[in-house]
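Model the placement of chain X on the given structure of chain B, informed by the hints.
So the sequence lines, in the order shown, correspond to chains B and X.
First residue of the first sequence: -10, per the numbering used here; consecutive thereafter.
First residue of the second sequence: -10, per the numbering used here; consecutive thereafter.
Hints may be right or wrong, so weigh each one.
Since the list gives no way to pick out one identical chain from another, each pair is judged satisfied if it fits inside one copy or across any two copies.
Listed below are the simulated SDA-like cross-link pairs for lysine to any residue, each with C-alpha atoms no more than 20 angstroms apart in a straight line [stated by the list, open to error]: (1) LYS111 / ASN83; (2) LYS200 / ARG154; (3) LYS110 / ASN83; (4) LYS174 / THR58; (5) LYS71 / TYR94; (6) LYS29 / GLU120; (7) LYS16 / ALA147; (8) LYS174 / ARG161; (9) LYS111 / GLY82; (10) LYS107 / ARG9; (11) LYS111 / SER123; (12) LYS71 / GLN91; (13) LYS107 / ASN83.
Just so you know, these hints were derived from the structure itself, not from any lab.
2 protein chains.
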Amino acid sequence: MAKRNNISSSVIRRLPRYYRFLRDLDKQGISHISSGELAKRMRSTASQVRQDFNCFGEFGQQGIGYSVTQLREEIEGILGVKCLYPAILIGAGNIGTAIANQVAYENRCFDLIGIFDKDEKKIGTEISGIEVRSTDEIEAFCRKNNVTAAIICVPRKAVEELAERLYSSGIRSFWNFSHFDIGMKYEDVIVENVHLGDSLMELCFRITQNK
Amino acid sequence: MAKRNNISSSVIRRLPRYYRFLRDLDKQGISHISSGELAKRMRSTASQVRQDFNCFGEFGQQGIGYSVTQLREEIEGILGVKCLYPAILIGAGNIGTAIANQVAYENRCFDLIGIFDKDEKKIGTEISGIEVRSTDEIEAFCRKNNVTAAIICVPRKAVEELAERLYSSGIRSFWNFSHFDIGMKYEDVIVENVHLGDSLMELCFRITQNK
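The following block holds chain B by itself, in its conformation from the complex (with noise of 0.2 angstroms):
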């Protein structure tokens, strides 16, 4: 059985895709692969992913390979992809309302149970069947549901006055698309940022390196 005792940081970082390559080959109906089939889709080495895997228990069969569902399933638990936690979303324009989609429709981590927004044209329309509701409903609505997690979605510059309403709400974990720096502010939070831009310059320094 697990392990799951100090997993390396570096471990972490790796899982989500370990799991999405998992989930793909159970789709397929594939039953076992080796570490070698899975360093190649991977990128990574066949040590890499069998030191990887060493780490929170043994699923590797010599010659048979790693069962993808127990696998799929150890990393699932150890991420909490199962968790659904109660979360909102905060701003549905363009990129909050493709966040809201997928989701809702991927009912992984999050359980999206509400969505809001301060544009009267957009507060009462559905976003894959959740109500937008007006962002003055945000403290009563956490109150009452027990809101985990915030998905902010909104520009910058309202962010923080936004962040500080949901801080109040009881919230302490977000996922953040703003370019506000949440987390230099609060110290009890726990802020999954998400900066496009930094993908792009990255993109943006390969294609340079190779001119």
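Same frame as chain B, but now just chain X:
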């Protein structure tokens, strides 16, 4: 002046974040910053910051700190942010529209010159002043405009055929928001994959650990 030799990949990964902070400081009219202050913003250490910047030149002065403008410009040069590679975007849905707006607004790395969609209702509309064209026009457009990169914002199942068409049209760099692994098929392409689900799973893990 700059050394730019042997910059490790971990330093490269930190450069976009340094760049963001330095740009903000520059906008605020701050001329110098110490390694300690920068480290605080980066959630790093002063010695890490000094070591990173030492890789590509000498910009710090004892007691005064680093010149914000000089350092920003240097990093800008390394990343190739001002190169403005001609790029097209395919898929004018919510995520595509959000990305198109951001790329057009920020005017960094990519010069977005074309947007394509197969939806008749979208063709002929504009996003950030750029006309949405039919995907049928991709090949002719790429030939005429010497396009360097493509931003892929279409569903996974549509990417395989699309990637083939873009590859045949000479495109070798991809900013990929789909879940299709373009790099697995073509060996001579540069791909930056954006998997928002991985970011959510990392957040989910941290929430789970914290419970």
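Run through the hints listed earlier and report the numbers of any the structure violates, in increasing order.
2, 4, 6, 10
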